[in-house]
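Starting from the given sequences, assemble the full structure and let the hints guide the process.
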Amino acid sequence: MTIFQSRFRLAALLLALPLTFSACKKDKDPEPEDDNEQITTVTYVLTPTTAGAPTATFTWRDIDGAGGNAPTITSTNLRANTTYTGAITLSDETKNPMADVTKEVAEESDEHLFIYQSTPPSLLTITRTDLDKNNLQIGLATRVVTNAAGNGTLKITLRHQPGSKTGSETAGDVDVEVTFPVTVQ
Amino acid sequence: MVMTGLLALPVRAQDAPISNICTLALAGRVADHESGVVLPGATARLVETGEVSAADPYGNYHFHVCAGIYHLEVSFVGFRSETAEVRVTSSVVRNFQLHPDAVQLQGAVVRGHAPPPPATQATATLTGADLAATRGQTLGEALLKVSGVSAIQTGPNVFKPMIHGLHSNRVALLNNGVRQEGQQWGQDHGPEIDPFVASQLTVVKGAAGVRYGADAIGGVVLVQPAALPDSAGTTGEVHAVGASNNGLGALSATVQGSPAGLSSLAWRAQGTVRRAGLSRTPDYWISSSGLAEYNYSAAVGWQRERWGVEAFVSQYNAQLGLYPVPENWNVTARQGTVAPLPATFSYALDRPYQQIQHTLFKLNSFYKLNGWGGRLNLTLAQQADRRGEYDKYRPRNDNVAQRNLPELDYRNQTSTADLRWEPHSHGDFSGELGLSGTYQDNTYRPGSRYFIPYFTNAGGGAYALGHWRPGLWLLEAGLRLDRRYLETRRPSRASGSFAVVRESFAFTTPSLSAGVARDLGPHVTLRADASLLQRPPAANERASQGVHNGIYEEGYDITRPPGTPGLGPETARSAAFSMSWHDHPRLNGELTVYQTHIQNYIFQTPIPPVLDIRGLFPSYRYQQTDARFHGLDLLVAYRVARPLTLGAKAATVVERDLRRDDYLILAPADRLEGWLRYEAEGARNAPRRVRGFYAQLGAQGVRRQTRVPLDNNERDYLAPPPGYWLLGAEIGGTLQLGPRTPLEISLTGTNLLDNTYRDYLNRYRYFLDEVGRNVTLRLRVPLAFGTSKN
Numbered sequence: 001m002t003i004f005q006s007r008f009r010l011a012a013l014l015l016a017l018p019l020t021f022s023a024c025k026k027d028k029d030p031e032p033e034d035d036n037e038q039i040t041t042v043t044y045v046l047t048p049t050t051a052g053a054p055t056a057t058f059t060w061r062d063i064d065g066a067g068g069n070a071p072t073i074t075s076t077n078l079r080a081n082t083t084y085t086g087a088i089t090l091s092d093e094t095k096n097p098m099a100d101v102t103k104e105v106a107e108e109s110d111e112h113l114f115i116y117q118s119t120p121p122s123l124l125t126i127t128r129t130d131l132d133k134n135n136l137q138i139g140l141a142t143r144v145v146t147n148a149a150g151n152g153t154l155k156i157t158l159r160h161q162p163g164s165k166t167g168s169e170t171a172g173d174v175d176v177e178v179t180f181p182v183t184v185q
Numbered sequence: 001m002v003m004t005g006l007l008a009l010p011v012r013a014q015d016a017p018i019s020n021i022c023t024l025a026l027a028g029r030v031a032d033h034e035s036g037v038v039l040p041g042a043t044a045r046l047v048e049t050g051e052v053s054a055a056d057p058y059g060n061y062h063f064h065v066c067a068g069i070y071h072l073e074v075s076f077v078g079f080r081s082e083t084a085e086v087r088v089t090s091s092v093v094r095n096f097q098l099h100p101d102a103v104q105l106q107g108a109v110v111r112g113h114a115p116p117p118p119a120t121q122a123t124a125t126l127t128g129a130d131l132a133a134t135r136g137q138t139l140g141e142a143l144l145k146v147s148g149v150s151a152i153q154t155g156p157n158v159f160k161p162m163i164h165g166l167h168s169n170r171v172a173l174l175n176n177g178v179r180q181e182g183q184q185w186g187q188d189h190g191p192e193i194d195p196f197v198a199s200q201l202t203v204v205k206g207a208a209g210v211r212y213g214a215d216a217i218g219g220v221v222l223v224q225p226a227a228l229p230d231s232a233g234t235t236g237e238v239h240a241v242g243a244s245n246n247g248l249g250a251l252s253a254t255v256q257g258s259p260a261g262l263s264s265l266a267w268r269a270q271g272t273v274r275r276a277g278l279s280r281t282p283d284y285w286i287s288s289s290g291l292a293e294y295n296y297s298a299a300v301g302w303q304r305e306r307w308g309v310e311a312f313v314s315q316y317n318a319q320l321g322l323y324p325v326p327e328n329w330n331v332t333a334r335q336g337t338v339a340p341l342p343a344t345f346s347y348a349l350d351r352p353y354q355q356i357q358h359t360l361f362k363l364n365s366f367y368k369l370n371g372w373g374g375r376l377n378l379t380l381a382q383q384a385d386r387r388g389e390y391d392k393y394r395p396r397n398d399n400v401a402q403r404n405l406p407e408l409d410y411r412n413q414t415s416t417a418d419l420r421w422e423p424h425s426h427g428d429f430s431g432e433l434g435l436s437g438t439y440q441d442n443t444y445r446p447g448s449r450y451f452i453p454y455f456t457n458a459g460g461g462a463y464a465l466g467h468w469r470p471g472l473w474l475l476e477a478g479l480r481l482d483r484r485y486l487e488t489r490r491p492s493r494a495s496g497s498f499a500v501v502r503e504s505f506a507f508t509t510p511s512l513s514a515g516v517a518r519d520l521g522p523h524v525t526l527r528a529d530a531s532l533l534q535r536p537p538a539a540n541e542r543a544s545q546g547v548h549n550g551i552y553e554e555g556y557d558i559t560r561p562p563g564t565p566g567l568g569p570e571t572a573r574s575a576a577f578s579m580s581w582h583d584h585p586r587l588n589g590e591l592t593v594y595q596t597h598i599q600n601y602i603f604q605t606p607i608p609p610v611l612d613i614r615g616l617f618p619s620y621r622y623q624q625t626d627a628r629f630h631g632l633d634l635l636v637a638y639r640v641a642r643p644l645t646l647g648a649k650a651a652t653v654v655e656r657d658l659r660r661d662d663y664l665i666l667a668p669a670d671r672l673e674g675w676l677r678y679e680a681e682g683a684r685n686a687p688r689r690v691r692g693f694y695a696q697l698g699a700q701g702v703r704r705q706t707r708v709p710l711d712n713n714e715r716d717y718l719a720p721p722p723g724y725w726l727l728g729a730e731i732g733g734t735l736q737l738g739p740r741t742p743l744e745i746s747l748t749g750t751n752l753l754d755n756t757y758r759d760y761l762n763r764y765r766y767f768l769d770e771v772g773r774n775v776t777l778r779l780r781v782p783l784a785f786g787t788s789k790n
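Protein sequences, first through last, are from chains W and R.
Under UniProt numbering, the first residue of the first sequence carries the number 1, and numbering increases by one thereafter.
Under UniProt numbering, the first residue of the second sequence carries the number 1, and numbering increases by one thereafter.
Just so you know, the hints here were simulated from the structure itself, not pulled from any lab data.
Quantities reported herein were computed from a predicted structural model and do not represent experimental measurements.
Yeah, the Cβ is synthetic: ideal placement off N, Cα and C, and Gly gets one too.
You can trust all of the hints, since none of them are fake.
Per label pair, the in silico range of CB-to-CB distance:
{"no.": "1", "chain 1": "R", "residue 1": "504", "chain 2": "W", "residue 2": "74", "range": "38 to 48 Å"}
{"no.": "2", "chain 1": "R", "residue 1": "713", "chain 2": "W", "residue 2": "171", "range": "30 to 40 Å"}
{"no.": "3", "chain 1": "W", "residue 1": "110", "chain 2": "R", "residue 2": "399", "range": "15 to 25 Å"}
{"no.": "4", "chain 1": "R", "residue 1": "294", "chain 2": "W", "residue 2": "72", "range": "43 to 53 Å"}
{"no.": "5", "chain 1": "W", "residue 1": "155", "chain 2": "R", "residue 2": "607", "range": "19 to 29 Å"}
{"no.": "6", "chain 1": "W", "residue 1": "174", "chain 2": "R", "residue 2": "725", "range": "33 to 43 Å"}
{"no.": "7", "chain 1": "W", "residue 1": "135", "chain 2": "R", "residue 2": "623", "range": "52 to 62 Å"}
{"no.": "8", "chain 1": "W", "residue 1": "85", "chain 2": "R", "residue 2": "715", "range": "43 to 53 Å"}
{"no.": "9", "chain 1": "W", "residue 1": "163", "chain 2": "R", "residue 2": "658", "range": "47 to 57 Å"}
Quick look at which bits of chain R chain W covers, simulated, 3 or more residues with Cβ under 8 Å:
{"no.": "10", "region": "385-397"}
{"no.": "11", "region": "447-454"}
{"no.": "12", "region": "486-497"}
{"no.": "13", "region": "600-614"}
Next up, the structure:
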């Protein structure tokens, strides 16, 4: 009987071991998500080719990610019947220092395509002016021609098309899809 | 059985001067005299006819006999056999209480002592042929066989069980006696359990919080392996499953034994491999729906007369393909149909997919105390769950992409300890006391994306359950008290820069239950129970946030209006009544009616799409309301002629939001199933090549869910899909390959007419059809090593 009991005690001691594993765990805190590739900010700067008109800037910014605070979307008015040179920049402001996503897109320009759609279509005429190594358009650099005065929207989409870039505007996955209000006056 | 009784009419029975009706019931319950616990599997033998009846899960045996005098011998391994003379003039109930046999325990040992599920609640068990018919399926899919159980699906591979309309944090999953952790993360997570481990799946339908903890508001799923072998020798079995729809192949093997010279020792090893390619709807292949699963488990036990120890380890490894959720489907779905992604059949697994590893280590021991002390049972378990979720987007940065790490990478470590004491029964009274403790640590890989916060969860509980068995009644009452601490730590950039929000909560929650069971003769049992349960909110209901697989989800506390309190515990008051008619030669079945009222019910509901850099995302948020669930489950099997059985199964549940006086969203639709089964009756001992041949034809109908919120058009992205019906068939039997090598073989066809349909509870129903026709071949061969097979 005593043998049984001492064995039982030994067994109970062995059984208590797993609890000690978790008992000495330290409290940790979440860290910034370094691997997580976010795009928090899209800036589209339109510089007029003719002097006189002011530079216009479209900004879409959501630094706390999806949900929480709503993104802030700002735009400045465009002048009618004017030609602008457009430059788009993408960045991740959650990283320190701020990550320049535009550079990454430029390095892999043969896998990316920007699509610019104005509603109504007559509001703006937008042409991609840059080409990748396969002679396909990218859209980091653009030319924007405004027509008559009016209101509408501009939707900018960045499609990631690894191995599937043929110039098609539907292939691949969406990396960015932002919409700005546009006023041409 | 009736047949053999007729053929072997005992001489003494014929002497009795009573009418020669041979359908008189002789039945009763077999229990342990010491503890009062019923003894499922105990054997009752009629000495005169040689007929044998094994006690069912409630310890009931039964025979149908002619009038007369019989000698009934009842035996069970580890107990002294008892013989009683029974005079049968009308139906007779004769109960037995067996005494543990100390001498016999030396040679043959009862191993494994899982507490039986509450006897006063509706329970359904999948075992034997029913379980065999689900081999190769996931646990959640297998449980769909039980009426009243449905599943939240995420594409064709992920099934999360739902009992009476309740799921996730309200259904406790007990994997070999240990609560499965990690399931609380989300609805798109199937249980990380290999069903091949189980020899029995039990579903407790309804609140069972006193024994299983405050989470068991909806019910409990018990995944139970067979007890370790108790006789010397090495045996095993091999299962092989192949399916036509997705090219599924599953192989599972078990080897177990007990060394001849060391009868205290017993062991088991088991492993499963499961692979499948893309699933197919009637019209197209479902992109990225393959899966790969590798699981193993091992157990070793050492058992003596008064004490025993068992160690169990298991690991579940799976890669489950997920359909790449199409962009802007919420917009497209409303306008028409979302076109499926093109795909061709392949076994390759590509993004997006879930990569899951669940490891469980469990030590279980019991000790029999002296005198009135009864039995002590201690279970300690450590489990680790790692779940990686690969987005469909590959990282842009080549260095990051090369590491190929999942974008979401949850880690959960849980230690649990349960101590149970079952004192010896005193007269009609018996009971048990229990203490349980949990410590849980949940994190995600540093650098990966936040979705579920870091949290630590510590809890302790104590409960007491008492039984009183006056005559044919069984009364049960239980009380439990839990205290749970939850501390969450989540990142936030709401202020503009990175910060960690720490919140802690503590709740003391009571559980009360009372139940009654009454046998009306040997074939009818009535059960009723009522309970009050309280459940504190889980971390994901409070503080999950983010876009995952094309859907934005957030916990209630994330964006609750300033100044309002966070989520509080939900309080469930439930009552259920069930009537089962069992062990009858013709009519068997069960009817359950239930009502659950949940104050502060926590549920997920669609909210207006959240604007993200990638556009508008379909979004869900946890909300709290008062809810009422009531419903009915029915199972009936009627033997129309000797080889033919007609069966039907039905389930309905009505879910009301009492604060809005409206229906709740995402309730399971009504379902009805009917079948006709042919079972060949082979003459006993006949040396046939094929035994136990059966064939079954069945149809399943599911209604369109019409009980939806009034504003469903604005709330849901698509109206509930139309009702559907599916045709299924199964044939099977046992092929005698050699004198000791029976091969169980079955062929099952589902959705035989290749109907195109969608199910309301599939999270991908907005853009994906359900799978089409599937034919599954299942084989099982038992193995015996070291014995001549001739």
